[in-house]
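A.B. asks: From first to last, the protein sequence lines stand for chains A and B.
Going by our numbering, the first sequence opens with residue 1, and the numbers climb by one from there.
Going by our numbering, the second sequence opens with residue 1, and the numbers climb by one from there.
Any given hint might turn out to be false.
[Claimed, not checked] Rough simulated footprint, nothing fancy, chain B against chain A, three-plus residues with beta-carbon under 8 Å:
1) 39-53
2) 282-296
[Said to hold, decoys possible] Some chain B residues flagged as far from chain A (calculated, every beta-carbon gap over 10 Å):
3) 33
4) 51
5) 123
6) 151
7) 179
8) 192
9) 203
10) 260
11) 265
12) 326
13) 337
14) 342
15) 352
16) 365
17) 374
[Stated by the list, open to error] Chain A is faced by these chain B residues, among others (derived, beta-carbon under 8 Å):
18) 24
19) 193
20) 197
21) 199
22) 208
23) 235
24) 267
25) 312
None of these hints come from the bench; they were simulated from the model.
Glycine residues also receive a C-beta, built at the ideal position from the N, C-alpha and C atoms.
Chain by chain, the residues run as shown.
There are 2 protein chains.
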Amino acid sequence: MTLNGRRPHDPRSVGIVERQYVHFDLSLPLVCGKTLDGFTLAYETYGTLNADRSNAILICHALSGDAHVAGYHTDDPNEKPGWWDDAVGPGKMFDTNRFFIVCSNVIGGCMGSTGPSSLAPDGKPYGLRFPMITVRDMVAAQRHLIDHLGIETLFATAGGSMGGMQALQWAVDYPERVRHVLFLAATPRSSTQNIAFNEIGRQAIYADPRWNGGDYYGKEPPNRGLAVARMIGHVTYMSENSLETKFGRRLRGYDRIPYHFDVEFEVESYLRYQGEKFYKRFDANSYLYITKALDYFDIADGYGSIEAAVARSRAAFLVVSFSSDWLYTAQQARLLVDALDQVGRDVRYHHIYADFGHDSFLVEVDTMTALVGGYLRERWEQFCAQRARSSP
Amino acid sequence: MTLNGRRPHDPRSVGIVERQYVHFDLSLPLVCGKTLDGFTLAYETYGTLNADRSNAILICHALSGDAHVAGYHTDDPNEKPGWWDDAVGPGKMFDTNRFFIVCSNVIGGCMGSTGPSSLAPDGKPYGLRFPMITVRDMVAAQRHLIDHLGIETLFATAGGSMGGMQALQWAVDYPERVRHVLFLAATPRSSTQNIAFNEIGRQAIYADPRWNGGDYYGKEPPNRGLAVARMIGHVTYMSENSLETKFGRRLRGYDRIPYHFDVEFEVESYLRYQGEKFYKRFDANSYLYITKALDYFDIADGYGSIEAAVARSRAAFLVVSFSSDWLYTAQQARLLVDALDQVGRDVRYHHIYADFGHDSFLVEVDTMTALVGGYLRERWEQFCAQRARSSP
Chain A
1 MTLNGRRPHD PRSVGIVERQ YVHFDLSLPL VCGKTLDGFT LAYETYGTLN ADRSNAILIC
61 HALSGDAHVA GYHTDDPNEK PGWWDDAVGP GKMFDTNRFF IVCSNVIGGC MGSTGPSSLA
121 PDGKPYGLRF PMITVRDMVA AQRHLIDHLG IETLFATAGG SMGGMQALQW AVDYPERVRH
181 VLFLAATPRS STQNIAFNEI GRQAIYADPR WNGGDYYGKE PPNRGLAVAR MIGHVTYMSE
241 NSLETKFGRR LRGYDRIPYH FDVEFEVESY LRYQGEKFYK RFDANSYLYI TKALDYFDIA
301 DGYGSIEAAV ARSRAAFLVV SFSSDWLYTA QQARLLVDAL DQVGRDVRYH HIYADFGHDS
361 FLVEVDTMTA LVGGYLRERW EQFCAQRARS SP
Chain B
1 MTLNGRRPHD PRSVGIVERQ YVHFDLSLPL VCGKTLDGFT LAYETYGTLN ADRSNAILIC
61 HALSGDAHVA GYHTDDPNEK PGWWDDAVGP GKMFDTNRFF IVCSNVIGGC MGSTGPSSLA
121 PDGKPYGLRF PMITVRDMVA AQRHLIDHLG IETLFATAGG SMGGMQALQW AVDYPERVRH
181 VLFLAATPRS STQNIAFNEI GRQAIYADPR WNGGDYYGKE PPNRGLAVAR MIGHVTYMSE
241 NSLETKFGRR LRGYDRIPYH FDVEFEVESY LRYQGEKFYK RFDANSYLYI TKALDYFDIA
301 DGYGSIEAAV ARSRAAFLVV SFSSDWLYTA QQARLLVDAL DQVGRDVRYH HIYADFGHDS
361 FLVEVDTMTA LVGGYLRERW EQFCAQRARS SP
């Protein structure tokens, strides 16, 4: 973790960064059959694009993430850094001395890119008039950003969870434009249980009368429903063991059980805190749209099989699963590994014994730095050697 | 499953049974420090109590169960039988040719026993004025029923899930009165994750404005909140594999994804159906009270350790866990097995490979009949042989 106050002097921080915006005045055709008429992407970059524009890595964020991967927006010493600050910076897993890192907020999101809380062409928030989106659509939108940045080929697409899905979708949809895919704690296809948990979260939002069919902008938002949805999600991100280790059956502020419906156990307090923290920063409709995109995700869609889908890709793959991740299990990751293997793609697979459940990809910094950072360095050196040989 | 229509002629059904009620005009002291001033228990019995009253088995029900374990209340051919009809009847796991089976609805419940929806002494429903209850209190109330039925010693206490907790609590609190404990798909101590899922279900109920602090009787009840709570519970009762096998990613009534927020996937329809079915039969406040009792459950409470608690018991134990049960895991069951072992109790432990998750104890009829039914028959024969030797 970055210590507050030390960052102006921290040589491993990307420092103060700015969120940028680009508006595309074009019709984006969507998988659902509708189009998005004009859209904005919020994005950030870290490091420097090299002369032949070959060192760009696109990091794709997860359900509740945003474009702010690393660094700070202000010099306020109490500001928390981006969501993967441990992973992005000089000498870190995504080494900004070597790579140019890009991350954009997904369409459908609520952190600067066009989503249901944005104004529709009629000047009113979309709400549920926003078209349904898929991971493929998120990636299609990002493709315009990568074009805009003048990048022909990405050295890698990378992400954990929904970020991994996007990274994979990139290699299937734009095979000529992706050299490597880093697929971390993700699945090539949402399982029935994945859909079930997402649907229950949505039901919690629908059940909040303040949700009002998605029409609540400018009024009280459906915070209670969104908080319950987040709590459900949060439990699926942690392992049984990590919950046990972190909280056990400890009481919150009592020596003995007080026997009432307010907070008694520490874990109850933690869940309420997570729910509250989330509704203060996230839009309920975005939660609905993005969980739907997760549920729709099956890389085989339109190809008949995972093998047929990934046979389109030209990338090399690094696939990482975590032993205690019960949201996107090793079994699910192996569906992708086996398919890549069958169609003869370059794939390296690591199953990491880690206790933090799905969140391990964010928490296991040292292991990930060695493994993912090591892979990127190795492949970058190979790439540079090849480039040197093939240049006149 | 019992086929509709065949039951009047089904020699293995207990047939038509009647729910009975007994009111206890006494003060029941509760663990929370309060008392319950007078309470009613709803119960059913199957089979015949023998002359020396030695063949009684108390079945304890789970969170959403009730006293109606087996048989039918009417001769309506469309009526569904009791919740464990597969297990209770002539020649079944709990063989009514041999045993006298008793089951009562827990206090705090809403199926005939005194709970938050009952009228308090002032003639108005208790609502949240109902005192907090624990598994120990449920068992203390049942003890009055067993006294009332003139049963000194239970041949067995038995149950799955929360029923197993009660069965265990019986042997700790009333060691002279329990010969065997059948502890199925249960835990001696609710884990952090168990508490977390229960708390999220409660949060879904609290978030429903119709809940109104528990004061909704005679008005619209908090059905939407209770439905969400049930959906959360339901997913924890099933395994990832059983969900996958049952529903996969199949669409409900569509050939292609329609891309909207109504039901798209089969599993969404199933969850909504489960939620709706539940709020039609269950009281939201009872759900709050009973999940709290689950969270409070730690058999070590007041004794310092599981070993010290179970050292009080004089019973023999059959402990059964299921490989795909991720709610009450084999690891949790083994905490009890190891403790019983350490204090030299007679314990038999079976870990069953089964795909249906926590619900396996209800679904795996053949395995359970052989295993649990076989255990009961064996122990009954031993008991009868001993009794014959010791009688003059």
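A.B. asks: Work down the list of hints and note, for each, if the structure agrees.
C.D. replies: To see whether the hints hold, each was checked on the structure:
Coverage of the stretch 39-53 of chain A by chain B is violated [criterion: at least 3 residues with CB-CB distance below 8 Å; count 0]. Closer than 8 Å: that is the beta-carbon criterion, and the stretch 282-296 of chain A has 4 residues meeting it against chain B, so the requirement of 3 holds. For residue 33 (chain B), the requirement that its beta carbon stay farther than 10 Å from each beta carbon of chain A is not met, with the minimum near 7 Å. For residue 51 (chain B), the condition that its CB be more than 10 Å from all CB atoms of chain A holds, with the nearest at approximately 43 Å.
The beta carbon of residue 123 (chain B) is kept farther than 10 Å from every beta carbon of chain A, the shortest such distance being approximately 24 Å. A cut-off of 10 Å between C-beta atoms confirms that residue 151 (chain B) is not in contact with chain A; the least separation is 31 Å. The claim that residue 179 (chain B) is not at the interface with chain A holds, since no C-beta of that chain comes within 10 Å of its own (minimum 31 Å). Look at residue 192 (chain B): its CB is around 4 Å from the nearest CB on chain A, not clear of 10 Å, so calling it non-interface is violated.
Remark: the non-interface label on residue 203 (chain B) conflicts with the geometry, its nearest Cβ contact in chain A lying 5 Å away (cut-off 10 Å). Non-interface call for residue 260 (chain B) relative to chain A: violated, since the shortest CB-CB distance, roughly 7 Å, does not exceed 10 Å. Look at residue 265 (chain B): its CB is around 5 Å from the nearest CB on chain A, not clear of 10 Å, so calling it non-interface is violated. For residue 326 (chain B), the condition that its CB be more than 10 Å from all CB atoms of chain A is violated, with the nearest at approximately 7 Å.
At the 10 Å boundary, the C-beta of residue 337 (chain B) stays outside the reach of chain A, the nearest C-beta of that chain being 19 Å off. In this structure residue 342 (chain B) is separated from chain A by more than 10 Å, as the shortest Cβ-Cβ distance comes to about 21 Å. Listed as a non-interface residue, residue 352 (chain B) keeps its Cβ farther than 10 Å from every Cβ of chain A; the least gap is roughly 20 Å. Every beta carbon of chain A lies more than 10 Å from that of residue 365 (chain B), the smallest distance being close to 24 Å; the non-interface claim holds.
Even its closest Cβ contact with chain A, about 32 Å, leaves residue 374 (chain B) beyond 10 Å, as expected for a residue assigned away from the interface. Taking 8 Å as the C-beta contact cut-off toward chain A, the hint placing residue 24 (chain B) at the interface is violated, the least distance being around 22 Å. Contact between residue 193 (chain B) and chain A, as hinted, is supported at the beta carbon level, the nearest pair being about 5 Å apart and thus within 8 Å. Proximity of residue 197 (chain B) to chain A holds as hinted, the smallest CB-CB distance being about 6 Å (cut-off 8 Å).
Taking 8 Å as the C-beta cut-off, the interface hint given for residue 199 (chain B) holds, the closest approach to chain A being about 5 Å. A least Cβ separation of about 7 Å between residue 208 (chain B) and chain A falls short of the 8 Å threshold, and the interface hint therefore holds. Checking residue 235 (chain B) against chain A: minimum C-beta separation of about 5 Å stays under 8 Å; hint holds. At about 5 Å, the closest approach between the beta carbon of residue 267 (chain B) and any beta carbon in chain A falls short of 8 Å, and the interface hint on this residue holds.
Interface hint at residue 312 (chain B): violated, since its Cβ lies 21 Å from the closest Cβ of chain A, which is beyond the 8 Å cut-off.
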